[in-house]
Amino acid sequence: MTENKGKVVSINGNLVSVEFDGNVSMNEICYVLVGNTALKSEVIRIKGNVAQVQVYEMTDGIKCGDEVEFTGDMLSADLGPGLLGQIYDGLQNPLPVLAEQAGWFLERGIYADGLDTEKKWEFTPTAAVGDVVRAGEYIGTVPEGPFTHKIFIPFYLLGNYTVKSIADKGGYTVKETVAVITDERGREIPLSMSFKWPVKRAVKCYSERLAPVETMETKVRLIDSFFPVAKGGTYCTPGPFGAGKTVLQHTTSKYADVDIVIIAACGERAGEVVETLTEFPELTDPKTGRSLMERTIIICNTSSMPVASREASVYTAVTLAEYYRQMGLHVLMLADSTSRWAQAMREMSGRLEEIPGEEAFPAYLESYIAAFYERAGYVRLPDGSNGSVTIGGTVSPAGGNFEEPVTQATLKVVGAFHGLSRERSDARKYPAIDPLISWSKYNSVIDKEKLEFCKGILHHGDEIGSMMKVVGEEGTTLEDYITYLKSEMLDAVYLQQNSFDLVEANCGKLRQRYVTDKLVCILGSDYALQSKDDARSYFNRMRQRFIDWNYTEFESDGFTKAESAIDELYREGDGNLSAPAEKLLKDGE
Amino acid sequence: MSVNKVYNRIESITGNVITVRATGVQYKELAQIKTRFGKSLAQVNKIEGDLVSLQVFAGGQGVSTGDEVRFLGREMRVSFSEDLLGRIFNGSGEPRDKGPALTDNMKPIGGPSVNPTKRILANRMMRTNIPMIDMFNTLVVSQKLPIFSISGEPYNQLLARIAMQAEADVIVLGGMGLKYDDFLYFKDALSKGGALSKTVMFVHTASDPTVECMMIPDMVLAVSEQFALQNKDVLVLLTDMTNFADAMKEIAITQEQVPSNRGYPGDLYSQLASRYEKAVDFANSGSVTVLAVTTMPGDDVTHPVPDNTGYITEGQYYLKGGRIEPFGSLSRLKQNVNSKTRKDHRALMDAMIRLYSSYKETLEKKNMGFSMSRWDEKLLKYGDLFESELMSLSVNLPLEEALDLGWKILADCFEKDETGIKSDLTDEFWPD
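Those protein sequence lines, which keep their order, are chains U and P. With the working numbering, letter number 284 in the first sequence gets 279, and the count goes up by one each step, no holes. With the second sequence counted from 1, adding 42 to any position gets you the working numbering.
Note that these hints are calculated values from the structure, not bench results. Remember, predicted model here, so these are calculated numbers, not experimental data. Here a beta-carbon is modelled for each residue, glycine too, at the ideal position from N, C-alpha and C. Incorrect hints may appear among the rest.
Taking lysine-lysine pairs in the DSSO-like style, the calculated list, with each CA pair at most 27 Å apart, reads [as the list claims (entries may be wrong)]:
hint, chain 1, residue 1, chain 2, residue 2
1, U, K504, P, K464
2, P, K408, U, K424
3, P, K362, P, K385
4, U, K556, P, K458
5, U, K513, P, K464
6, U, K464, P, K362
Have a look at the derived ranges for each label pair, beta carbon to beta carbon [to be verified]:
hint, chain 1, residue 1, chain 2, residue 2, range
7, P, R416, U, D457, 21 to 29 Å
8, U, D457, P, G235, 45 to 53 Å
9, U, N22, P, G340, 54 to 62 Å
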């Protein structure tokens, strides 16, 4: 806290103008004093001796002349052991701690430390006295849940330092000094296990940024096979309301093949966070065998919580993601929804009376979105290990129209696009990712040629479907009609997936490859079908057996049995493998 | 503190907003203004130095530059006690019926939101005996759901029917821009249905001042929250939220805010969300469930009000042609309860909707004059049965009977493996 003080001179919504003496910096944190409470705020514009600050709380009751205290610090996150399993608001206040202090409601002006300052962590030093260290290198570790949490030289220290002393193995709190380092001029800097980092700055303590080539399995067939996401990559999920964005993210957060998941519930429903909070502690992480909550951090700034901290919440989330990436872990950060974050910027921009861009969004919308997604990446760390931050953001376009500014700005910078469609969700085809408009630049878990084969059937089937709307079923040849049925079946048994069934929702890549081969065989065969009614009834039965197969545990007895039921029906229909399909299946072996 | 400090000079009057030069005034503080038509409340909504803007509840009409403005040193509040039950108030909290004004136990309105970690998972079904709700889009205690509708649909009738049939301890009804006829209809229907004694109404009719319209949801929700904290399951009925949004638009434009979409203020989403998010299930206490009519100008779901609402609420009921449409309607929380009702509930619901969607496609083909295949004929028969026996709003059936009827309709029209339902369910439930 500096001695710098100011006085309120105007109030408009959550934008307050403050007259000050001395120096104030952009994005500095200050507190507006109202009665006995201090309301956290951030400087967002300075003109002469007036700073305009956005208040992270309701501004009711503020009056002109109220005192303001400037802190000299930017909005920062506390980094250190004890972040995993936490539920924070957008400013990194642990919500359970606030509940202990204030009860049912989020009373304003109550803040709490991001990290538990009482808890002792078992520290093991890894550096020795005399070692030369730099920012981002580590000097010790503590166990945190299933992970080895590294204790870093703070990311903000520039240049080389020498370890002067380091604590013995033992229990320490995050505030106790565990090491003293000296800079090149011999000045001593004591280090504890935690430090602060300004959330709006990307952490860049890595040796090299690598291309994202490793697929991140989500266990959703439509994503992993058709529109995959890479570790260190970015993707967006725009869709109208009710199309299943949140359910899809929720499924991803449960099954994704990563070490840590950080969920930023940004301006969305509180009920959805409650679902995660209720469900996750009960679920097991298949990788570690421990509670799923131990690999999860939730940043929760729901729609009725103050809008300025909503803007901060995505930055807080991505900062925590970068921190764990520095330990050589693979982190998935999910933001739901980036549109609410953009709207928070729009609200402030409006109050600042900036000249509005398209749909009143500020002109800097695109560059802010680009900078945010650029914080994803697959990196090589100073110790030679690799870590990644993958960012997936939902977008809630006004009116479900993808032409709007937030969707368009996002599509420019992401590596995969999962566009959800109203038609598919209305027809209860979940996940409602539209296979005809979505795309991905990353590597699929299934063979490329087989993927093209399947996509070909989908596109061909769609063409026939549109044609049929004009010329009718009777105007369609039997051959085309069968192709149409095949594409419908592919959609029903592979693209659609029940995310509420434990077996069906968790479809790993081995199974996806296995099932794709079976599909290539069935869809790539000719059948002795005499009429359209025959064809429809045949593929209905085939679809039914395939769905039953999907619900069996992979490689179980039930699985083998259900598979032979499919094979039996295949023989019944005199299935005859076509040459291209036969070649595909041979090549794949 | 400016308690009871009186000002006699109004600097400007634009629409319903006036400005006064005053010091020591708090943001959102209330003032009382005395005009030739009587007294009205006004609320501070902007302070720039000593220039204070206030929105006048009774409107700006007839306000004179010499009228007296007295700051009250407090924010908007509402009285809370059991005495509220059976009573009717306006947006300023004054009685609209012949009962006495209530001033005890004043509670602030528009309070902070509930800590998400103190909420519990919505997992209790609220039965309404309307199959399109109970079976296909189950209403869940603490859910917030709008009823999307165009003007002219019987949405207020639907709301009244839900009020009378739903399992709730207290009903709080908020009317915004309500036609006087509709106000009378609600009063009449609830008293005939015997629900008036558990109902509180806050009503703004179309002829009342705009600013009062904006207060209705906060008054309603503050009262509901208090009842919920006293272990009551409260059902909030709001009609019509589009009027509420239009009132906000009017004030925002008056104050020269930069509009975002179709003139609505940029914070429309946050404003609507802070109201809807008051829906809650408190651990070891009561709950607030919100049903809010949102009329869609021109049946356009992409209009900013229904669009933003859809992103906030946990689904929506889409009222069209006097029926709750299965497409477009969605209860996001139904998964939390419909696995516990009966094991065939989910699968049957999904299959019936999927087939109904195919029926709609077939109907389109038929209307274009294409010949119908055997499959098409089956779908047509199915669609007719579905619409007449389940969709009609006149159907009143408990969930279990509705499910049995669903299986019967399927069996009347299809073979088992044409339904796409898992075989073990069809084996058990398929009627012979």
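How the hints compare with the structure:
1. U:K504 <-> P:K464: Holds, at about 24 Å.
2. P:K408 <-> U:K424: holds, 24 Å
3. P:K362 <-> P:K385: Not OK: K362 (chain P) and K385 (chain P) at ~30 Å, beyond 27 Å, violated.
4. U:K556 <-> P:K458: holds, 21 Å
5. U:K513 <-> P:K464: holds, 20 Å
6. U:K464 <-> P:K362: With a Cα-Cα distance of about 25 Å, the restraint between K464 (chain U) and K362 (chain P) holds, given a limit of 27 Å.
7. P:R416 <-> U:D457: 21 to 29 Å: holds, 24 Å
8. U:D457 <-> P:G235: 45 to 53 Å: At 51 Å between Cβs, range holds.
9. U:N22 <-> P:G340: 54 to 62 Å: violated, 44 Å
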